[in-house]
Amino acid sequence: MAKTFKLNAELFWTRDMIEYGMFQKDQPKPKYVANFYNLDDGSVDTLKEAGIKVLFNEDKGHYVSAKSTRAFAPVDKAGKKVDVETIGNGSKCVVVGEAYAWEFGKKKGVSLSAQKIVVTDLVEYTSKEEEDEFDPVL
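Just so you know, we're using the working numbering here: the sequence shown kicks off at 1 and counts up by one.
Simulated from the structure, these hints should not be mistaken for lab results.
Remember, predicted model here, so these are calculated numbers, not experimental data.
The list that follows gives simulated cross-link-like pairs (lysine-lysine, DSS-like), each with its CA atoms no further than 30 Å apart:
no., residue 1, residue 2
1, K60, K80
2, K53, K77
3, K106, K48
4, K116, K31
5, K60, K116
Label pairs and their computed distance ranges (CB to CB):
no., residue 1, residue 2, range
6, D83, Y20, 13 to 21 Å
7, K108, N57, 23 to 31 Å
8, T86, K116, 15 to 23 Å
9, E103, D76, 31 to 39 Å
10, K116, G88, 14 to 22 Å
11, S113, G90, 17 to 25 Å
12, F56, A78, 29 to 37 Å
13, K80, R15, 16 to 24 Å
14, T4, D76, 18 to 26 Å
Glycine included, C-beta positions come from ideal geometry on N, C-alpha and C.
Construct the complete structure from the given sequences, taking the supplied hints into account.
Spelled out as structure tokens, the structure:
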């Protein structure tokens, strides 16, 4: 049995957790994707110890993604399902996951399997249209 661990992160592009992203639709086995950014130092160390490659983005810090053939179903601290469409970029979460080894052709590696995503600080999603609405001054 793989070792289970917890990560502290922020969620970005959450729609990919419930629908295939544009790079996944035409794949032989499309996958849902959960993107975890701004990982804290302890989470980065945990992932590296497990052999998972952690990437870095100048704007959003250390990050990693988890892929699945099933849609992700994040919950709140009380265990109630959180509608993915309400989760905005930067929402804080705790990810309960484990590492798994994979091989594909001549490539092999270790990736993150996100068993549970708990949203701890929800940033409500607002569409670009809502942000751009004209508010006249009278």
